[in-house]
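Enquirer: What follows is each chain in one-letter form.
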Amino acid sequence: MTTQVSPPDTTDPDRYLAVQSSPEFVHLRRALRGFVFPMTVAFILWYALYVVLSAYARNFMSTKVVGNINVALIFGLLQFVSTFLIAWLYARFASRKLDPAAEQVRASMGEGGHR
Amino acid sequence: MYLAAISVGTQRSITLSLFGFFVLITLFITIWASRRTHNATDFYAGGRAFSGLQNGMAISGDYMSAASFLGIAGLIALNGYDGFLYSIGFLVAWLVALLLVAELMRNSGKYTMADVLAFRMRQAPVRTAASVSTVVVSIFYLLAQMVGAGTLVNLLLKISKGTTFLGMTATTAQIVTIVLIGALMIVYVTFGGMKGTTYVQIVKAFLLMGGALIMTVLVLWHYKGNISSLLGDASQHSLAKPSENFLKPGQLYGKEVAGKPLQTFYNKMDLLSLGLALVLGTAGLPHILIRFYTVPSARIARRSVLWAIGIIGTFYLFTLALGFGAAALVTTNAVKTASASGNTAAPQLAQVLGEKYFGGELGGVIFLAVIAAVAFATILAVVAGLTLASSSSVAHDIYANVIRKGKASERQEVVVARGSALVIGAIAIGLGILARDLNVAFLVALAFAVAASGNLPAILFSLFWKRFNTVGATAAIYGGLIAAVVLVVFSPTVSGATSPIFPHQDFHWFPLTNPGIISIPFGFLCGWLGTMLSSEKNPAKYAELEVRSLTGVGAAN
Chain G
1 MTTQVSPPDT TDPDRYLAVQ SSPEFVHLRR ALRGFVFPMT VAFILWYALY
51 VVLSAYARNF MSTKVVGNIN VALIFGLLQF VSTFLIAWLY ARFASRKLDP
101 AAEQVRASMG EGGHR
Chain V
116 MYLAAISVGT QRSITLSLFG FFVLITLFIT IWASRRTHNA TDFYAGGRAF
166 SGLQNGMAIS GDYMSAASFL GIAGLIALNG YDGFLYSIGF LVAWLVALLL
216 VAELMRNSGK YTMADVLAFR MRQAPVRTAA SVSTVVVSIF YLLAQMVGAG
266 TLVNLLLKIS KGTTFLGMTA TTAQIVTIVL IGALMIVYVT FGGMKGTTYV
316 QIVKAFLLMG GALIMTVLVL WHYKGNISSL LGDASQHSLA KPSENFLKPG
366 QLYGKEVAGK PLQTFYNKMD LLSLGLALVL GTAGLPHILI RFYTVPSARI
416 ARRSVLWAIG IIGTFYLFTL ALGFGAAALV TTNAVKTASA SGNTAAPQLA
466 QVLGEKYFGG ELGGVIFLAV IAAVAFATIL AVVAGLTLAS SSSVAHDIYA
516 NVIRKGKASE RQEVVVARGS ALVIGAIAIG LGILARDLNV AFLVALAFAV
566 AASGNLPAIL FSLFWKRFNT VGATAAIYGG LIAAVVLVVF SPTVSGATSP
616 IFPHQDFHWF PLTNPGIISI PFGFLCGWLG TMLSSEKNPA KYAELEVRSL
666 TGVGAAN
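Protein chains in written order, with the numbering used here: chain G, 1 to 115; chain V, 116 to 672.
Bear in mind the hints are in silico, worked out from the structure with no lab data behind them. Some hints could be false.
[Claimed, not checked] Below, computed lysine to any residue pairings styled on SDA-like, alpha-carbon distance capped at 25 angstroms:
#, chain 1, residue 1, chain 2, residue 2
1, G, K64, V, A670
2, G, K97, V, F579
3, V, K652, V, Y593
4, G, K64, V, Y593
5, G, K64, V, L432
6, V, K225, G, A91
7, V, K356, G, V41
8, G, K97, V, R418
9, V, K339, G, N68
10, V, K581, G, K64
11, V, K656, G, P23
12, V, K451, G, N68
13, V, K339, G, S21
14, G, K64, V, E359
15, V, K656, G, R15
16, V, K356, G, G67
17, V, K656, G, D14
18, V, K652, G, R15
19, V, K656, G, V66
20, V, K225, G, E103
21, G, K64, V, K383
22, V, K356, G, P38
23, G, K64, V, S343
24, V, K383, G, V41
25, G, K97, V, Q351
26, V, K225, G, R29
27, V, K383, G, R15
28, V, K383, G, A57
[To be verified] Across the chosen pairs, the derived CB separations fall in these ranges:
#, chain 1, residue 1, chain 2, residue 2, range
29, G, V81, V, T613, 52 to 62 angstroms
30, V, G374, G, R30, 47 to 57 angstroms
31, G, P100, V, K356, 57 to 67 angstroms
32, G, P100, V, K520, 33 to 43 angstroms
33, V, G374, G, T40, 22 to 32 angstroms
34, G, R33, V, T379, 18 to 28 angstroms
35, G, Y56, V, G135, 42 to 52 angstroms
36, G, V81, V, K652, 20 to 30 angstroms
37, G, A57, V, K356, 52 to 62 angstroms
38, V, N448, G, I69, 17 to 27 angstroms
39, V, K356, G, A48, 23 to 33 angstroms
40, V, K520, G, R30, 53 to 63 angstroms
Because the structure is a prediction, the values reported are computed rather than measured. Cβ coordinates follow ideal geometry from the N, Cα and C atoms, glycine included.
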């Protein structure tokens, strides 16, 4: 356990400012934002593409692929697949990277051993 | 005729007894929960003791409203592919909640949405704004559910103009249903608090998933697993011309009007606007947000959202089978005859499937009754969640933190919360009775638009933007809320020839039915502008919020 941040002084109002600029916390924030921001942009764009194609590319969306199953239906089902996939990726990332990093900050603040 | 009369009677009594059974079970749960509700954390957050799976089911129960079950199945049965758009938007929206909101809120809040918004701001203005928006969103949503229930009862109990049921005419039956549902939701919330309400949601989610699963399996069984032939049969029995259009986008949204390029443009914009409101609304719905407080930690909150995504996603896949199944086996025409909005598609499909697979007419009647009871359970659970969210906000935000400035005792807070549940419930009953003949689909769309335009910008800025301040937060909430409501009032939904509300007056100037594409960016803009116009800065409080929300230090337990 690294203890670069001094043990908590609950009377110090600047305690959180110190933690906020500690390397452990900066690492945690970078890890979180580095995953969730790009991923949010990605799924919003992917969803927007689907909505825009539904509005403006009717012929493309109506192309039959197998029997009566057309591109629009497959595109819609792919939104389900991508949602499940992103949720799973996030869960994996969070338990591998975010949880240990958060635990480290908590430990440095003297609140270790949380669940 | 005589046989039909018997089956209507049988179906009524089965529906009523099954629904009565559900009510008995949930009342029992409520009594049990009320004995275990001792303090504010129990009442508001169910003691924060639910597991990931339990809360995941409860989230699903809170989220899958009558609009999801009856509404989407009906939209697909009537309009084909376009109804599916709702399913997709409602599901993808959960990623916003999972990635950006759920865990951070669990770590930094206690009971209400405002706990997070007001964390580093001046309490009174921000909590007031958040509470106003919580109550507005919840009431719109509540009304839609209650009016839906009122309409449904006539269709399901087969009371039409001129006939009576237990001596009640169609109108009386509607009013009685609204009062009954309102009274039950008040009982659940005032006595059971979050504990009771959560278990009601869990039972309901279980019933709804079970019912939808059985129907989906039967539809697929009927077509021997061949989805293409299900779709083909659905379009053959639809009203689309040519019939294959039923499977393409454009039957309902983004219609192309020949010779009217402007109208075509508006229609396309309306589709984009709806898509935006659906995907951004969920993470701003107060009754969903407070569910993240019912678990012991952020990690469990994450797990519960993962469960919810799994359950809700599966359910929305079922809606495809239900909607196209109803078009194929009941026929679009028969659905439309029973209800113009298509809300009876799922129960009608149940009847047809029951007749085919559960032993003829009686089987059909029984299965219809089961699905009808599930639909009522669905509505009841959702209205309870909404009432809890708004009464919590009135008690914890307005009473405890604005009026008493944080000096109220826990006991006083809970008493006020129970009292406000009673008042809000009574208001919802009254408004529900007044609004019972209105087309209410727009109320849910409006609730989503307000949540996405006012609440979401305030939540995201609070959690991620250091400079954000009191003026910014109130500007985002009021700006987004007012923009969404005003644009809807002056939209073609409320007045003008195509409007179901004031068809003989025309004061609309906003061309779209959904305000999202304007009001959501406007909410974000107000939040940014308000912040920049105010000099308030509090880096120390932001440091505290950021550290606590990301790490769980000092999280409520």
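Enquirer: Of the hints given before, which are not true for this structure?
Expert: Hint check: 1, 4, 7, 10, 13, 19, 22, 25, 27, 29, 33, 34, 36, 37, 40 fail, others pass.
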